[in-house]
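Asks: Sequence:
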Amino acid sequence: MIRYPAYQLWTRLFAAAFALLALQAGGLAQPKAVASLEQQQITIGDQVSYRLTVTYDEESEIDSVGLQQLRQVPGVEVLSAPPAEQGQRGQFRTLDYDILITSFDTGRYELPAIPVYYQRLAESHQATSNVVSLTVTAPPLAAADSTGILPIKDIVSEPASFRDFWPYLAIVGGGLLLLALLLYWLRGRKKGPAAAAPERELALPAYLEQELQRLAGAQAWSQGNGHAFQVELNQLLRFYLDARYDLHTREKTSSEILRSLQGEDFPESLLPRLQELLQKVDLVKFAKAAPGDAFHREALQQVREVVQKTKDERQLLRFYPDGRVTVHRELPQGQSEEEGAPEERTVRDRFTTGSKNEDSTL
Numbered sequence: 001m002i003r004y005p006a007y008q009l010w011t012r013l014f015a016a017a018f019a020l021l022a023l024q025a026g027g028l029a030q031p032k033a034v035a036s037l038e039q040q041q042i043t044i045g046d047q048v049s050y051r052l053t054v055t056y057d058e059e060s061e062i063d064s065v066g067l068q069q070l071r072q073v074p075g076v077e078v079l080s081a082p083p084a085e086q087g088q089r090g091q092f093r094t095l096d097y098d099i100l101i102t103s104f105d106t107g108r109y110e111l112p113a114i115p116v117y118y119q120r121l122a123e124s125h126q127a128t129s130n131v132v133s134l135t136v137t138a139p140p141l142a143a144a145d146s147t148g149i150l151p152i153k154d155i156v157s158e159p160a161s162f163r164d165f166w167p168y169l170a171i172v173g174g175g176l177l178l179l180a181l182l183l184y185w186l187r188g189r190k191k192g193p194a195a196a197a198p199e200r201e202l203a204l205p206a207y208l209e210q211e212l213q214r215l216a217g218a219q220a221w222s223q224g225n226g227h228a229f230q231v232e233l234n235q236l237l238r239f240y241l242d243a244r245y246d247l248h249t250r251e252k253t254s255s256e257i258l259r260s261l262q263g264e265d266f267p268e269s270l271l272p273r274l275q276e277l278l279q280k281v282d283l284v285k286f287a288k289a290a291p292g293d294a295f296h297r298e299a300l301q302q303v304r305e306v307v308q309k310t311k312d313e314r315q316l317l318r319f320y321p322d323g324r325v326t327v328h329r330e331l332p333q334g335q336s337e338e339e340g341a342p343e344e345r346t347v348r349d350r351f352t353t354g355s356k357n358e359d360s361t362l
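Here the numbering used here is used: the first residue of the sequence shown is 1, the next is one more, and so on.
What the hints contain is simulated information worked out from the structure, not anything from laboratory work.
Yeah, the Cβ is synthetic: ideal placement off N, Cα and C, and Gly gets one too.
One or more of the hints may lead you astray.
[What the hints assert, rightly or not] Here are the simulated lysine to aspartate or glutamate pairs, EDC-like style, with alpha carbons at most 16 angstroms apart:
1. K32 - E58
2. K285 - D265
3. K311 - E268
4. K309 - E343
5. K309 - E344
6. K280 - E298
7. K252 - D242
[As the list claims (entries may be wrong)] Cβ pair distances, simulated, as ranges:
8. G188 - P82: 47 to 53 angstroms
9. R214 - Q275: 21 to 27 angstroms
10. R71 - Q30: 56 to 62 angstroms
11. L176 - L79: 32 to 38 angstroms
12. Y117 - L179: 56 to 62 angstroms
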């Protein structure tokens, strides 16, 4: 047996006590994880709160907490796992987890220890929580009545969420979208394609004068085409009356044209002159008469006289690429189309001179 001097014995005892205190101090400084249940026993389908509190000091840094261990327990379902709430308890920091779980099978379930991974003094460590037990029982059976049928349990209502209304919102939204597309399509059909711009615009009297000069310069009667000349001259006259007075002369005979003009602002003094002109043309067209050159020149001058005495310089013709010819009155000076757009009406298809087809109504 070895004997030590007294001072050496006291020195060794003092060192051992110091080491023990150091180990205890180091153990207290390590992070701790404590798990608990709101209640140890529940009925099938009930929800219970699983709480995990991690406590650590300033020299420790938490890397991660292995909460996924709870999802691996057969028979236990995790309903919600929100982020941890950070706190301070004296000189220690805390992480509090409040996890909602449930079970639909009876039995006793061991909720495993949750690992906590942390860094301390540049070294990696792991701490674990305690194991807790959860007992799940079946609901008690109610007493049967005289028929042997158990009473129906009350329906457990769950709080409504956005998922409950999503199918209805999708149906309503889809219906509104289809309705908007249908209205857009119908508006597009009503508007139709954009109207083409006219090729040119010319005053009605100026257009008639151009055509009369062309007929006078051609002198078709001198080439034996007196009949074709009278037909074309009659077409031009009827076109003028249509544009000037909106008579629709294609549907009227010569006598009907004269009666229609009596209700218009056509000069009464010109009615006999116009009647004589229309009769001459009918004579050439239907009686196949062959009058002399003077007859054709006089007819040309009579049409010019009718235009000169009834013209309205504010009446304008518009010639469109599709063959339409429209007439409208020019706006007074200083007035824009936004203030009052002029009424534009179609006279007929473009008047074509020199046509080989003769229309008996013309």
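Asks: CA of K32 to CA of E58, is that 16 angstroms or under?
Replies: 13 angstroms, holds
Asks: Do the alpha carbons of K309 and E343 lie within 16 angstroms of each other, as the hint requires?
Replies: 24 angstroms, violated
Asks: Can you tell me whether the CB distance of R71 to Q30 sits inside 56 to 62 angstroms?
Replies: 27 angstroms, violated
Asks: Within 32 to 38 angstroms: is that where the Cβ-Cβ distance between L176 and L79 falls?
Replies: Check passed, 35 angstroms falls within 32 to 38 angstroms.
Asks: Could you grab the alpha-carbon distance between K252 and D242 and see if it respects the 16 angstroms cut-off?
Replies: 11 angstroms, holds
Asks: For a C-alpha distance cap of 16 angstroms, please report whether K285 and D265 respect it.
Replies: 29 angstroms, violated
Asks: Just to be sure I understand the hint, the distance between the Cβ atoms of G188 and P82 should be within 47 to 53 angstroms; is that true here?
Replies: The hinted range 47 to 53 angstroms holds for G188 and P82, with Cβ atoms some 52 angstroms apart.
Asks: Please work out if K311 and E268 have their alpha carbons no farther apart than 16 angstroms.
Replies: 15 angstroms, holds
Asks: Tell me if the straight-line CA distance from K280 to E298 falls inside 16 angstroms.
Replies: 10 angstroms, holds
Asks: Check the hint pairing K309 with E344 against an upper bound of 16 angstroms on the C-alpha distance.
Replies: 24 angstroms, violated
Asks: Regarding R214 and Q275, is the given constraint of 21 to 27 angstroms on their beta-carbon distance met?
Replies: 26 angstroms, holds
Asks: Using the C-beta atoms of Y117 and L179, is the stated range 56 to 62 angstroms upheld?
Replies: 57 angstroms, holds
Consistency note: the structure conflicts with the earlier hints numbered 2, 4, 5, 10.
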